Each structure stands twice: as C-alpha cells, then as structure tokens.
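J.: First to last, the protein sequences are chains A and B. Using our numbering, the letters of the first sequence map in sequence onto residues 960 to 1339. Using our numbering, the letters of the second sequence map in sequence onto residues 960 to 1339.
Please keep in mind that the hints were generated in silico from the structure rather than gathered at the bench. On a predicted model such as this, the values are computed, not experimentally measured, just so you know. From the three backbone atoms N, C-alpha and C, an ideal C-beta is built for every residue, glycine too. Be aware that one or more of the hints could be misleading.
Covered by chain B, according to a simulated footprint, are these stretches of chain A (three or more residues, beta-carbon under 8 Å) [unchecked claim]:
id : stretch
1  : 1133-1146
2  : 1156-1162
3  : 1174-1182
4  : 1213-1224
Computed, partial: chain B to chain A, Cβ under 7 Å [to be verified]:
id : residue
5  : 1151
6  : 1159
7  : 1162
8  : 1179
9  : 1198
10 : 1199
11 : 1206
Taking lysine to any residue pairs in the SDA-like style, the calculated list, with each CA pair at most 20 Å apart, reads [to be verified]:
id : chain 1 : residue 1 : chain 2 : residue 2
12 : B       : 1214      : A       : 1279
13 : B       : 1091      : A       : 1252
14 : B       : 1276      : A       : 1279
Number of protein chains: 2
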Amino acid sequence: MVKTTSESLGWVNTQSYTFAQDKPFETEGGRTLSPVTLAYETYGSLNGDRSNAVLILHALTGDAHAAGWREGDKNPGWWDNIIGPGKAFDTDRYFVVCSNVLGGCRGSTGPASINPSSGKPYALEFPIITVKDMVDAQRHLVDHLGIDKLLAVAGGSMGGMQALQWVASYPDRVRSAIPIATTATHSPQQIAFNEVGRQSIMSDPNWNDGNYYGGVLPAKGLSVARMVGHITYMSDTSMAEKFGRRFKNTRSRFKFDPEFEVEGYLQYRGENFINRFDPNSYLYITKAIDYFDLANGKGLTEILRGIETRFLVIAFKSDWLYPPYQSQEIARACKRAEVETVYAELNSTWGHDAFLIEVEEESHLVKHFLRRVASTALHG
Amino acid sequence: MVKTTSESLGWVNTQSYTFAQDKPFETEGGRTLSPVTLAYETYGSLNGDRSNAVLILHALTGDAHAAGWREGDKNPGWWDNIIGPGKAFDTDRYFVVCSNVLGGCRGSTGPASINPSSGKPYALEFPIITVKDMVDAQRHLVDHLGIDKLLAVAGGSMGGMQALQWVASYPDRVRSAIPIATTATHSPQQIAFNEVGRQSIMSDPNWNDGNYYGGVLPAKGLSVARMVGHITYMSDTSMAEKFGRRFKNTRSRFKFDPEFEVEGYLQYRGENFINRFDPNSYLYITKAIDYFDLANGKGLTEILRGIETRFLVIAFKSDWLYPPYQSQEIARACKRAEVETVYAELNSTWGHDAFLIEVEEESHLVKHFLRRVASTALHG
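Whenever a hint applies, use it, and build me the whole structure from the sequences.
T.: In structure tokens, the structure reads:
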C-alpha cells in the first residue's frame, strides 16, 4: 500500500459526452452506432498549453470512476490509491481523464442502452466491438476536451491493451504509454477463461438470448463467470495467505454449501456482481479482449517502428493471468523498434490484482516516468 | 509418447464386487452405506505368494478401465500407455488392479445408484465421502482379491491422493507408493476451481437439487464445469502449441459462437462429458478432493514417521494445477520422516495432463522403481 500523506480528491462527478449523432460511429466489424455516449470523470485542471492530460483506461469490469468519492460510495474510485493530489497520477500537476468503455454498462453506450431504431435495449443487436473501437470512441472524447496530444495513456489489464491500441491507432497524439499487467496478443488460455465466463452466462436460461432487460437477470450465470474471473485475478499464494483452508463455520462440514472461506468469498463476489454489471456487457467486453492482437500478423516491432511515444511497461511476477513474459514481449518489441522503453517486473504475491492493490513501487515508477515525460513535453 | 514395441492388453472386462451387505460401510462423516459395489478391472496374474499386486488409482473423472479394450471402445483404457505387457506397470510381472472410486458413476456405488431404503437413486441422500472413504472401500476389494500386501499403490492427481491415503490408513499393507502430480493438502486455489464447477452444476435449473434422474440432465452446468477443468489440466504453453489464436472458421468472426479453435475444443469436451459422467458424482468427488488434507493439523512428517513404504514422487514442471512445490512438500516430509523416497520433477509442456500423455520418462522411473521394490519384496 502507498504510505503517503497525500489526500484523496474528495467529491467527484461523473459526466457524459454524446457524439456520432449526425455521422454514425463505425465499428471495426463494419457496423454503425448512433449516437454514442461515453461516461467520464476528470480530476485536476488542464494547463494553458493543454499538455498535461493523462488518459486512464480501465479493466474489464472497471468504469469511469477511477478516483475520489461520489455520493453513496462505500469505497473511493478503483484507482484512488494512485490518482490524486501528490499521488503518482498527481492531480496537482496533471489533468486526469477516465471514461467508461464503449460496450460498457456504467454510463457509456452498450448493449443495455436504448437502440434508437427500436426504442428497446440493444441486447444482442449491439455490434461486436473491439479494443480499437473503444479507443476510437475515446478519441472523440479527447477531441471534445480540446486535447491534441495526451501526456500519457495508462491502464492495467484491458486498460493496458487500450493504451497499446492508442499508440498503434494515434501515435501522434500520445507522448507516452504505461501498459501494466497486460499483453499485446490475447493467448488461447486467456480466451479459454473468457469463453467459460461467456458460456456460463449464455447457459443461464434467464439470459434468454440476451433479452432479459425488464425481466429476471441471468444472475447465476454471471456469478459463476465472476467467480472464475476472481480466481484468475488472485494467485495461489495470495489465496493461501488470505484464506488458507479455514472454514467459514466449523460446524458446517459435509454439505455442499460454501464451507471454506475461499468458497464464501467467491460466492459473495459472484452474487454481488449482478448489482453493478450487465451480463451482456460482460459478453461484449470479454469478446473485445479476446480479439485483441495488436500485431495482427505483422509483428509488434513493425507496428511500433518510428513511433515517438515513450513506454513504461510494468508486470508483476505472480500474475499468471497476464504473465510477465507477455509484458517482456512488448518491451522487447519496443526496444527492437528503437522506442524509448522502461520495463519493470515487480515482486508481489497478489497475482493480477497487484496492479490495483500493491501500488507502492508502481506509484514510484509512474511518478518519475511521468515527470520525465512532462519535462520533455514542456521543454522539448 | 512411449516408444515401445510392447503390445496392448487386448480385450479386458470390467467386474464388480459388492460388500457391506450385512455390516454397513461407515463413512468418515459418520453415515452408513449398505451395500457397496466397486467396479474393477484386473490385468496380469497374481503370483503364488500374492506379492505382485499393484493398485492403480484414478483421477477425478477416471474409472476402472485403466488399460486394454472393451467392446465398443473408441480408445483403450485411460492409462493404456503405461499399463500392459512390457510397459511400466508390466502385466507380465505384476497383477494390476484398478477400481472405480466410491461415489463414482462408472459401476461403483455413487449418487446415481439405487438407495435400497427408497428404491430411487440416492441423489443428495448419498453421504458426503472423503478420499479416506474411497480408500477404505478399496481395502474391502483388496481383501476380497486375497492380497495382504500391495506391491504398490499408484496414481496421478486424485489418484495420487488415494495413494497417499493408502499409506496413511494402511501402512502395513503397502510396500510402495507412487503419488504423481498431486498434493497432500488441497489448496484454496484448488478448492476454488472445484467450487466454480460445483456452482455451475448447481446453478443449472435442470439440476433440481440433484433430482434429475429419469428427467432432463443439467448438461450445460456440467459442461461449463468440465471446460474450467480442461483449462486447468492444460498449460498456457500447451494451449498455445495446440490451438494458437487460430479460428475454427475464418468467416465466423464477430459472433458469440465459438470462433477460436480453443473455444471449439472446450465446447466439444464440455458437451460430450454428460454422456459419460453423472453431475452429482462430480459434486461428491470434487468435495472429497477439497476435504483432502492428509496431515490434518498434525504435520505430514509425523504422519509418515516409522512407515516402511517406499515412495516415488513425480511432478511435472508445467503443472500449475498441482504445482511441483506440492510434490516437493511430500518428498521433503518423507525424507524428514526417514522414509525411502525418490523425487523426480519432469520437463513437459503439457501441464497437469502430462501424467496421462507424456509418459516416456514417467514410464522409465516407474519401471525401475517397481523392479527395485519387487526384488526387495521377493528377497527381503
């Protein structure tokens, strides 16, 4: 955990921006959406020459609320420990923006949004989207905010994929990229875990081919999907440290109810997920991740050659969902492409979750990297 | 794969033995079962002094059919590549026995069996069983076969747990133990994966609190459970080698149908599983594994001290479901307890499945270990 005297941002608001009202947004799959709304939050102030904007990109189940507190919050934003005054993404210095992805369910246009042509939720009429589509939608928001060039794009897991895609799609608009605990190409094992989650949702009879809005939600299917997810976010070690083989209740043995603490934890996390996440969004977003293959047959080095974006690539040793070898491949391709790159592999027993939880070293790396990039941006 | 000129066993038969007709079988949880049937197969011949019997113990979804061919088989028994004339478990030398576990669904008494007191399948009236109960039931079979002392007990995964339990429960009846790709204590991560499988089955409305016999089977719930299982049996590397990011059909993109080869493989494996496995057995057997904790608060070394059983402990480097550190713990405890032990950690990219697939080195180790044990048994 970060030991710091810096404070939280305090109260924040989620805003929204709607575009593609006249000219539809075109997806990579050749479909159109009109209009498109992105929910977003901003922290800190854009400076006079608009050179201090940092775009934070969220993971699979994240949202625009990256830091600070909103009314009714039991917890601050999902990356509050690294975004705020005096923190790594220092809101006294930088204008920090975070938006909910296209396809999401937390204020941005997604399968739960009303399809203007039917007056009903899109459900499976929503087009399959890609990480590139998410980034293209964010580019509209960045234009709207009057930012020509981002100081940095940063995120972990799917957020890191978006950071990489920003560099590939809009290299001239990104001074630096901080992909964390991520990959440039989704592996078959990663696809397989997502497919289990999708099959679990689609096997729930309440899913009803995606048409459950206003009816009974496929809560059990989503719950099992979330349980699988949670196992992959932790590590063998962090589970052993957190739960061991302890029973929830020593008298409950010899039943199929959750008895071990680890079972109770997964059940709780699974069952609560329905309160904040749309099962169809889970299908669309996991599919976008599975399609992610930045090089797409070309070779990552070729994609990166000639790019002036500077990279900070961070991986965690105990992360077995996005193992360090995948981050090493990104860093190696950067170096071969003569792109300025720092690669750091951090010790942590927290597995994939480390990027959200164990942020002390991560903060240190990000803080100093951003200062170096910012000083070049100002003076260079 | 084993390069060998040795032949398969040819045709084999599954037999069954019924006991506990008069005196009920008592489970570790304090319940009773009467009668109990175990399905089993034997290969080779018991020698004159009954000293050449090897008990093979199967994994979660295995059965008594470990080797050879039965009528209608598309494939030979599940460990045919290591059991047979001239193979590691050499049926020219040893009398090999394999039984389906108590709680199973392949001929042994389990939740799908008829409960004599109701005339209907047990379903959830079947008692929760443990690995110790499985071994206690096998002990009845071994008695029936007239074997006082087994030359070896051997198995991978849950089979390895049974081998360890045999040594703990009946140390004087086991000359040697070969636990492979296994653990002495099920970890929270291992429990968590099993719990996902159970929740998937129990979330299927067709599960109907276990009362689906004669009706619609909870096929989708079991399918998702099996998909999760298959991911854990393979490795990141073996999935990459087997499937890569190849599509099943290049024209099928931008749909939620299985598109990647890895998705198609998992779907096929998942959907076919219902044809050979009872969902309630999946619940009972995974629960038995999750309860498995041989030391049970005592310390493994203490359990093993004074035991004359010799150990061959085998682990596979790429096995992340039962990682080598768990086999090392067994081997270390053996050594501390002054039990004669050989520990081998084999290179393989096949993950947990390696013990079934990549048997060349495994065969070599088993063959020579058994010959040494047998020569002591004969002369010692």
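J.: Next, verify each hint and record whether it holds.
T.: Quick rundown of the hints versus the structure:
A stretch counts as covered by a chain when three or more of its residues have a beta carbon under 8 Å from one of that chain; for the stretch 1133-1146 of chain A and chain B the count is 3, and the coverage holds. Residues of the stretch 1156-1162 of chain A lying with their CB closer than 8 Å to a CB of chain B number 5, which satisfies the three-residue condition for coverage. With 3 residues having a Cβ less than 8 Å from any Cβ of chain B, the stretch 1174-1182 of chain A passes the three-residue criterion, so the hint holds. Residue count for the stretch 1213-1224 of chain A with a Cβ under 8 Å from a Cβ of chain B: 8. That meets the three needed, and the coverage hint holds.
Nearest Cβ of chain A to the Cβ of residue 1151 of chain B: about 5 Å, under the 7 Å cut. The hint holds. Interface hint at residue 1159 of chain B: satisfied, since its Cβ lies 5 Å from the closest Cβ of chain A, which is below the 7 Å cut-off. Hint status for residue 1162 of chain B: holds, given a least beta-carbon distance of 4 Å to chain A, under 7 Å. A least Cβ separation of about 4 Å between residue 1179 of chain B and chain A falls short of the 7 Å threshold, and the interface hint therefore holds.
Taken as an interface hint, residue 1198 of chain B checks out: its beta carbon lies about 4 Å from the nearest beta carbon of chain A, inside 7 Å. The interface hint given for residue 1199 of chain B is met, as the beta carbon of that residue sits about 6 Å from the closest beta carbon of chain A, less than 7 Å. A distance limit of 7 Å between C-beta atoms decides the matter here; for residue 1206 of chain B the minimum to chain A is near 11 Å, and the interface restraint is violated. Between residue 1214 of chain B and residue 1279 of chain A the alpha-carbon distance is near 28 Å, which puts this suggested pair outside the 20 Å criterion.
Of the pairs offered as hints, the one joining residue 1091 of chain B and residue 1252 of chain A is violated, with about 48 Å between alpha carbons and a cut-off of 20 Å exceeded. Pair hint residue 1276 of chain B plus residue 1279 of chain A holds up; C-alpha atoms about 15 Å apart against a cutoff of 20 Å.
The structure fails to meet hints 11, 12 and 13 from the earlier list, while all remaining hints are met.
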